[in-house]
Amino acid sequence: MERQTKVTAEDGKQDIIITREFDLPLELLFKAYEEPEIVEQWMGTKVLKMENKKHGSYQFETTDAKGNVVFQANGAIHEFSPNRKITRTFEMGNTPFGVQLEVYEFEKLTDDTSKLKMHVIYESIAQRDQVLKMPFVQGINWAHNRLQEIVSKLK
Amino acid sequence: MNLRRDVFQAIADPTRRAILLLLATQSLTAGAIASNFDTARPTVSKHLQILTECELLEQEQNGREIYYHINAQGMKEVADFLEPFRKMWDDRFKKIEAIMKNYKPKK
Chain A
1 MERQTKVTAE DGKQDIIITR EFDLPLELLF KAYEEPEIVE QWMGTKVLKM
51 ENKKHGSYQF ETTDAKGNVV FQANGAIHEF SPNRKITRTF EMGNTPFGVQ
101 LEVYEFEKLT DDTSKLKMHV IYESIAQRDQ VLKMPFVQGI NWAHNRLQEI
151 VSKLK
Chain B
156 MNLRRDVFQA IADPTRRAIL LLLATQSLTA GAIASNFDTA RPTVSKHLQI
206 LTECELLEQE QNGREIYYHI NAQGMKEVAD FLEPFRKMWD DRFKKIEAIM
256 KNYKPKK
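First to last, the sequence lines map onto chains A and B.
For what it's worth, our numbering labels the leading residue of the first sequence as 1, then goes sequentially.
For what it's worth, our numbering labels the leading residue of the second sequence as 156, then goes sequentially.
For reference, chain A alone in the conformation it holds in the complex (with noise of 0.2 Å):
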């Protein structure tokens, strides 16, 4: 079955919750964010510090073929419950998004199944709006990067 990650983002609030059901026992769901080297690969970044503990913190850098610093991002770790729920927050380097208040619950469906829930809380509307807009904003320069190129081939 196509597990669908649901999005709701309400007109006029600083928040979104993100939640999506698993084709994955539990442990093995909270284990994906709690093992570094296993957020390495689904994050895509390198994990340079993950203490999983309240008061810990994480923090993730990736670098391009010449080394130069492409992502970053950190946070402070509030809550860590093995299987039920962290609490953290986060804050991604040289942009102007803030630090935004994560919320993971992770529930039990069934034996090989479970969901989690993501809500995340931004310092306001308009920044939340612009986290949103971002990967849709990519794919706009993208798309549009791409037609000048195909219209200026055929020049």
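Hint data in this document are derived by calculation from the structure and do not stem from the laboratory.
Glycine included, every Cβ here is placed at the ideal spot set by N, Cα and C.
One thing to keep in mind: the hints can contain errors.
Derived coverage of chain A by chain B (criterion: at least 3 residues anywhere in the stretch with Cβ under 8 Å from a Cβ of chain B; other residues may be distant) [unchecked claim]:
| id | region |
| --- | --- |
| 1 | 7 to 18 |
| 2 | 23 to 29 |
| 3 | 38 to 44 |
DSSO-like, lysine-lysine: derived pairs with alpha carbons at most 30 Å apart [stated by the list, open to error]:
| id | chain 1 | residue 1 | chain 2 | residue 2 |
| --- | --- | --- | --- | --- |
| 4 | A | K6 | A | K53 |
| 5 | A | K13 | B | K242 |
| 6 | A | K115 | B | K242 |
| 7 | B | K201 | A | K115 |
Fit chain B to the known structure of chain A by using the hints.
Chain B alone, transformed into the frame defined by chain A:
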């Protein structure tokens, strides 16, 4: 009036989408636009009218000619801007599922 729904209806039509694509990089007159389609000129005019009413296109008077060009702001508002965000997360979740299905405990 539900303008948003009208806009979605506007871009649901393949000819209107082709017109938008044609105008992506240039301004053209109604005649020039129509010459790109096999459809009758009045039909193309009707499409242009709908796209203009939905604020996807703007008209610009240049001498005796009226040129049509894309209203970038209108286009941005139309597209479902949430979908790429949702897809980004869905791709990550799919990866988690794939990785964890092959996961073997180290011990």
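Hints, one by one, checked against the model:
1. 7 to 18: holds (count 3)
2. 23 to 29: holds (count 4)
3. 38 to 44: Since 4 is at least three, the answer is holds.
4. A/K6 to A/K53: holds (28 Å)
5. A/K13 to B/K242: holds (21 Å)
6. A/K115 to B/K242: holds (18 Å)
7. B/K201 to A/K115: violated (49 Å)
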